[in-house]
Each structure stands twice: as C-alpha cells, then as structure tokens.
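Based on these hints, arrange chains S, F and C on the given structure of chain V.
4 protein chains.
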Amino acid sequence: MEKRENTKEYEFSNKRMTDIKISVGDALFSNKNFNIIAGPCSIESEDHIFELAHDIKKAGAGILRGGAFKLRTSPYDFQGLGKVALNYLVSAGKKENLPTVSEIIDVRHIDYYADLDMIQVGARNMKNYTLLRELGRGDIPVLLKRGMDSTYEELLFAAEYIMSEGNSNVILCERGIRTFENYTRNTLDISAVPALKNFTNLPIIVDPSHSTGRSELVEPVSLGAAAAGANGLIIEVHKNPSKALSDKEQAVTPSELSNIVEKSKKIIEVLG
Amino acid sequence: MEKRENTKEYEFSNKRMTDIKISVGDALFSNKNFNIIAGPCSIESEDHIFELAHDIKKAGAGILRGGAFKLRTSPYDFQGLGKVALNYLVSAGKKENLPTVSEIIDVRHIDYYADLDMIQVGARNMKNYTLLRELGRGDIPVLLKRGMDSTYEELLFAAEYIMSEGNSNVILCERGIRTFENYTRNTLDISAVPALKNFTNLPIIVDPSHSTGRSELVEPVSLGAAAAGANGLIIEVHKNPSKALSDKEQAVTPSELSNIVEKSKKIIEVLG
Amino acid sequence: MEKRENTKEYEFSNKRMTDIKISVGDALFSNKNFNIIAGPCSIESEDHIFELAHDIKKAGAGILRGGAFKLRTSPYDFQGLGKVALNYLVSAGKKENLPTVSEIIDVRHIDYYADLDMIQVGARNMKNYTLLRELGRGDIPVLLKRGMDSTYEELLFAAEYIMSEGNSNVILCERGIRTFENYTRNTLDISAVPALKNFTNLPIIVDPSHSTGRSELVEPVSLGAAAAGANGLIIEVHKNPSKALSDKEQAVTPSELSNIVEKSKKIIEVLG
Amino acid sequence: MEKRENTKEYEFSNKRMTDIKISVGDALFSNKNFNIIAGPCSIESEDHIFELAHDIKKAGAGILRGGAFKLRTSPYDFQGLGKVALNYLVSAGKKENLPTVSEIIDVRHIDYYADLDMIQVGARNMKNYTLLRELGRGDIPVLLKRGMDSTYEELLFAAEYIMSEGNSNVILCERGIRTFENYTRNTLDISAVPALKNFTNLPIIVDPSHSTGRSELVEPVSLGAAAAGANGLIIEVHKNPSKALSDKEQAVTPSELSNIVEKSKKIIEVLG
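Residue numbers (my numbering), protein chains in the order written: chain V, 1150 to 1421; chain S, 1150 to 1421; chain F, 1150 to 1421; chain C, 1150 to 1421.
It should be emphasised that the hints constitute simulated quantities derived from the structure, not laboratory data.
Among the clues, some could well be false.
For chains that are exact copies, the list does not tell them apart, and a pair is met inside one copy or across any two.
As the list claims (entries may be wrong) - When the alpha-carbon atoms are kept at most 30 Å apart in a straight line, the in silico DSSO-like pairs for lysine-lysine are as follows:
id: 1; residue 1: 1346; residue 2: 1397
id: 2; residue 1: 1392; residue 2: 1346
id: 3; residue 1: 1415; residue 2: 1388
id: 4; residue 1: 1346; residue 2: 1388
id: 5; residue 1: 1415; residue 2: 1206
id: 6; residue 1: 1412; residue 2: 1181
id: 7; residue 1: 1243; residue 2: 1412
id: 8; residue 1: 1346; residue 2: 1412
id: 9; residue 1: 1181; residue 2: 1415
id: 10; residue 1: 1207; residue 2: 1415
id: 11; residue 1: 1243; residue 2: 1415
id: 12; residue 1: 1181; residue 2: 1414
id: 13; residue 1: 1346; residue 2: 1415
id: 14; residue 1: 1392; residue 2: 1232
id: 15; residue 1: 1412; residue 2: 1244
The following block holds chain V by itself, in its conformation from the complex (with noise of 0.2 Å):
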C-alpha cells in the first residue's frame, strides 16, 4: 500500500549550521548545554513574579517565564493581565538577575517584548507562520514549542520560517502532543529529543508541565528529559499551586523545583 507522500528532500538551514550558541541574557543555549528555565504559568501582580523570582533563583533555575498575554480554551476563562505583567517581570528579572521568557500571542505585540531575553511561541501558534516570519525578522531569541499535534517534520519548517528570514536564535520545545491517553493532559514525545538531533543542531528542551499536566509527574519527567539529552526545561512554578489563576494541577512549588535542578544536575554530570 503506497502511502500519501508527505515529505520532500530537502536540508535543513539549521542542519548546516553546526556550532549553534544562543544567548539569552547571561545563560547560553547550545545543543551541548543544559538550561532550566522557571516561573509561574501567569503573572498574577507585581508582588507575585518578585516573590517568585526570588524563590526560583535560590532553587537554581537560570531563566524566568511568566505569562502575560495567555491563550484559553475559553474566552471567559483569565487572559493573563496584559502589557504590564511583562513590566513587572522584566523588572522582576533585572532585580534577581535571571534572564526572562514569555508567550506573543499577537503579532501586533512584537513591540511590547523589546526587553525581554527571549520570546516564546506556544504550541497553539506553531502553525502562525505569520507570527514566525515576523519574529524571523528580529534577533530576540525564539522559544518555539511544537504544536499539539505537529510531526518532527512540521516543527523543523516552523523554525525554518524563523531562520529563513535571518533570526537563527531559534530553541525548540517539546510540550508533548495530543493521544488518546487522557490520564495526563498530553503525551510527552520523549523520543523526539535525540530523533529532532538528527536533523537538527538547534537545542531541544522539554516542558514538563503542559504535557503531563500533573504536578507529581513533573520530577520524574524531567529527569527523564534530561538522561535523554535535552538541553533544558521549562518548569511551571506556584508557591501555592492550588490557588493559582491558572494551570493549578500542573505547577511545583519552589522547594519541588529545587529538587529537580539539583537532581538533574547529577544525571547531566554523571552521563558526562
């Protein structure tokens, strides 16, 4: 049975380059390095990403995320607080000296990112190659998170839109993807960091929190994705996890996190 072709030779701009170093503030991304990036799934006011910010410092994480502009299943659900959360946590930022992260959901809103160290592009817009063709034109370094139900394929042509409008600064993210297993909120591909290493010397790191969903999950996760050779994590963190405004299920506390930048360490160490 001859199967629909769906694939092209081709190669790939980011295959070719061979020594990829991304730096984003202080901390350096390569295909080498192992990065944790840390922070709440949205910023809920000014004092929550300060406190927080001191608190993912101390347990070792090197970049902070922060959602201010969030995309909802629903449009009543909380939409994030808007332009001032990015205030607040690049302030944040400056103050505990951790680089900073988070989502465009517009392309209008390009503008708004200008200090922050890099901009992340959730797994809903994968596919807005708009959005990624924009940000191709800038040098802000680009967090690019594979859509829920995007093949390897798909995920190295989004980056491809990036870097072909000259922005090489391009890190991609597996968040898992969509399956029938429902128990977690997706299924993380773990597979996919040394399968995308084939075709790719971009770094890869691994989001615990959106694939499984599951707080008592996120440790074992990402010590997985770390023996597997991911270059880092993007972990989502709550003092309170019950009470946050968002993604309550999914989020570690500070003590939680500390742990796994401790334990991921030693795998990182210890696998040379």
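Here is chains S, F and C on its own, set in the frame of chain V:
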C-alpha cells in the same frame, strides 16, 4: 482512575440562538440547509479562476472558494499570489454571480477581505484567538475549520471567541483530525456533524478534500457527509489536478464535482 | 525526512478475487449488496433474545447478532452468559428465520459456533493471529472488525491470515479508531470504506454503535456509512437501553432501528 | 460538555499489595529494583542464541529474551522457529546462567513455556483476556506489555485479569503507543512510568526498541526511562542488525548494549 478534569459547566451562546440564518451573498446557511462551496486550492492566475468559476457554476456549486494567501508546511513552497488573487476572486465571483470565500492568515489583512462574502479561518489558525476576536468585531461571516488536534469543545470555544465579540455569523467545518492512519491525509470525523448539533445551532459543513487528501475518496465521503446531516461541503476543484500548484492529489475535476452536487442533492431530498 | 519503512510491495489475495459473494444463511454479502445486522450487545436470557429477534425481524434487519462471550475491560464486569447463549441465539434465529452471528473470544471455542452462520472477531482480537488462522481452516464466514489501533494495511493483512488458510468468506468491519476525541467512544473512520475498496473486493460494513458509543449518533452515522458505500451495518439494539447489562449508552430501540433500515434503503436506492 | 463516562470507582488488587517482589530466576523485580532484559527479536538458530547469550551476559544484562513464536503483520513474513527455539533459549540461558523470557501467542502453548522464567504477553495480545486468565492460573511471572491503543486503566485491568486468577507475578511494560508521529515506530509514553505508580506497586519496565523502532534512539530513550523511575528495560540486540530476520532497524549491538547498561546503572546510582 480519576481523569484529569478538563471540562466545565457552561452554556454556549450559540446554543441559545435557536434560529440561525447566515447570508453568504445570495446563499443562505442554516442548520437545515445544504450548500456546496467549491474552487481551487490556490488561485494560480486571473484566467485560472475565471475559467474555473464558470465551470463550478455550471457544475451546480453555490459558492466560490480560492486561496490567495496559503499556509504551507515549508516556507520554500508556493505561498499563493497574495492580495491580487483576492481581487481576481471577487471579480470572478461577480461575473458568475457566485458568493466568494478565501482564507485569512494574518490579522493585519482583514481589510483585504472587505469585498468577499465570507472569510475562512483554516485549521492551523483555529486557536489563533487574536485573529478570531478581530473577526468577531466585524460582520463578515466566518468559516471556522476545526483544528487537526481540536476537540469538539475546543472548536465550540473557538466559535465563542468570535461570537463573544458580536459576530454570530459563524459556520463550523469538520476537515479531518490527526490520527495514526496515514493512507489518508487526515481522518474525517463524520460523527462530529451530529455530535456538534447536540451543542450548537450553527451550520456545520464538511471538507472531504483536506480530510482525505485523495481525489478518489472525495465523492463517497461527500455523500456520507450529506447523509449524516452536514449543512454543506467545501471541495477543492481543478481542471487539471496533476498540474495544480498545490494539493494536486486531492482536487476533483469540474465534471466530478457535478456528480457530487447531483448525488448529494438526491440524498438531501430523499432524507427530507 | 525519510520515514521509517513499514510497507512493502505485495498483492493481497483478496484483490485477485474479483467477484466475491458470501452467503450468511439466506443473506448474501458482496461488495455491491447492503445488509443490516442487528441485536443486543449481550444476550441476557432466552426470552430476551427471542423477543428482540422478533422485533429486529419486524424492523427489517436481515441478520441477528447477540453476544454470548463478552470481552470487557474489567474482569469484574458482566462477561456474558457463555455457551448457553449461543444456543438461545441459534434458536431465536431459526424461529424468526434470521441468520446469526456472535463474537468468538477463545480459539478453543470454535466448535461452539458450528450452528451459527457467521463468527465475529472483535477489534481486540484483530491481531490474535492464532485465532484468525484457526478460523481460516473452517468455512464459516468471518466478520473481522478493525482493531482500534489498526491501519488499513494491518486490517487487510489480518484478513489475509484467514484467507491464506483457505477460508475466503471474510467480511471487513470499520468500527472506529482510537483518537484524542473522547466525546464519542471512538472515531468512526468513514474514509476507510472507499479507501479499502482500492485494495480489496471483500464486503465492508460499518459499526455505528461501538464507534460512536452514543445512541443518538447511530442513525446519522449509519446513513453516512450507507451513502459512502458501505455494504452493511451492524447495530446494537435493546428494547430498553437504560436497563441493558452492557453498552447501554449506545443501543437503539427496535423502532429507531426501523427508521435506520428504511432511510438507509432509500439512500442505497437513490444512489443506484 | 459532559464526557462519555468510561471510568468507575474501583480499587486495583495490585494497589493493595504494597511490597511486591517477583523472582525471575535469580533476578528480582520490584518497584524499587532495576533489571535489564536483552536478546534477539527472533531466535534464528541454536548457535545464534548461544553466541548472543554470551555477549549479553558479558554486556551486563540480567535476563535473556528471544522470540520463538512471532506475531508478524503479514502471514507471509518469518513467523519464528517455534517450539524448538524455546528449547534453544532455555539451554542458552542455563549455559550463561541467565533467566529467560519469551512471548506466547497461543493459549494452547502454555505448557511449552514451563522451563522459562517468565512469559511475555505482547502488545497485540494485551486484550486477549482468554490468554491472560489462563496465565493467571499458573505461577510463572508474566511480562505484560501495554497495547498500542491501551490506556493506563486498560493496562491495569489487563493485569487484573491475570491477578484475579491467582498469579500476582506481573511486570508491566510501556512499549509505545500509536500516534500520528511516524518517524518513530510508536511514541514512547515516558509519563506512563510515574503515572502508573500512582495506581500500582507492580514493577514497570520500558521497551525502547519497539517504541522507537530505530537503533540510534535506543540509548537516549533507555537512559530517559531509567531516570524517570522505570524498574527495568527490555532491549533487542543483534550482533549484525542489518542481517536480522526481523526488526533489523531497531536492534542494537552487544557493545551498544554494554554502554546502555553502564550508563543506566550510573543514573540509578546517582538518583539513589
């Protein structure tokens, strides 16, 4: 085993609207009518769309579709003729007295679509809530395709993003979901048609071209959709499919379209 | 990106057989006919199947199904009445002059089915090649359901396991595949009907009950299948669905069955 | 939107057993230990398994696997050497002092496995409840692989089919599920390891060979599984993978196995 809670009690605004009628030019969509939209994947030239519009009218379809801005997996594939193709489409539609629809891929392009009768949001943009909200502030009908990874609930909430801004002229479209079966391009979820009717009175149409990705499957799947209660079809047509600039495997010829129109009307008639 | 090679050149023996006619009692299955099989998920008592057989005959279905040995997810759920229920089924079929079919779950039970007109292999056993081979050594027609995780190719090869042993009386059944959508029990893959016809001349029927798992979806999906070219339907029926011992959400009443029979016949007729 | 109810309150018997220790020959499985099973997909000759057993022992794996009866998609592919291969396996295991395991495909073959230390139920037979019950009546440990379309709940219930008959020596195995991604053979669901531990104290191992279907992914995925808390691995090994009679793309060499053993032990050690 307690499932992850990912639903909640809500009442969709579209469910409260019990007698929905949406005018797309002269065509009337409702949850009782049946309309056929047809046209090329990409508009390849002015002549191309004029000739095809004539054939499509003759074949009995009621609305003309044509791609101007294309979302392609690779940035190196043909991306459509752009804005000028929208002008060709509107002119061809006027000449043949056919209402027109084309896909939008950039929230900053809305003005380009002012002379069309409907704006299509493709599967890749179903969760581009920024775009949906902006379309909700206008009054041009929106053809909203289900994302390849989207549940019924997420599709209904996407419609809600449009409707909550004021525009209730939304037509839903089942176009296939991503599954393990890859002989077909996607898996058409025929049950979506009656299942969505449990929750909404919005019209629901089916796309047999993108779901199957194979021209020989377009007719049987179209007839299946008609019999299952779909309120219409959107079909890709090309005079010479093997020469099409995009999606050549799935286009049917005008004469094949004519058969589908005829047979689906018979089904609608016999089922009352 | 080169895909993992998982197909090969082959010619299915069933494709070489161009004029397949399978007698199931008085009913004739082919890739041109249309037959409706109906009955309860489980046979609950002798009276239960006798009464229902009468109603099913009256509703116009041509073959009687009924479960004797049940495969249930939990070992603690009702597992069917077993061998005695097969006797009830055969007697009820004789009384109403309806051919009979029931599912086999154990290769050591084949003798129990000698008086039935067809043996069903359920989705869970589609890859139980031991069972398939053994059924291939007999001559009772086999109703082979597609596994929930099975590609078209795997279904065709499963048929080949039966046919390569000598029994060519195989009827294929699309009954829904596992996807992320969980409003329905499974996702009916309507395209399987015409797609499989590209490769085989075996009759292909559709199971709207197990695929949707919801009684209100059974009629529209049945009609869709008829219009898409299916050679029959297999439908779960119960006089009082809410009291059924298994699969209560998906059973239709005899009067609903009667509507489906009538409307699907109209569709078959109008499509010629 | 109310989801279809497909779960219920229950207490798995395996959850009540809090200190499970399963002896497989000299090897001890528990939810705290870590064991590596290795061997060829198919036993190709007596010499083949004797040589490989020696290499596997040397590489540090603790249990020997080898296929005698094979379940192949096509009836025309190599189906294994059958019963004689079980004898070869047992002898090779004795010579190298390695416990042995092989897959069963026919409920009538149980006696053939009397001299093995464990019986494997493959993914295709996870829902062959007839077979599971029969294995439950013996006391040989059962290695139960998750079906490609099976939820955690269904896997746990399959174990329950064995345990409810009296045999509590069950080891679960995550071996990848069917998803839309087809660069890999299946998608390894790494989260299954910690998620299942929420419900059971049975040991859980991972199969990196069948899940990825690509030899170069076996090491990283194996290490990921070890770090995520798996209680073992089952790995396909061949001296000359390109000449293997089955599954050649996924076999690793003895020297690659040796690396995996060494590195995974380091991970287990460092995580305590």
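Hint by hint, which ones does the structure fall short of? none
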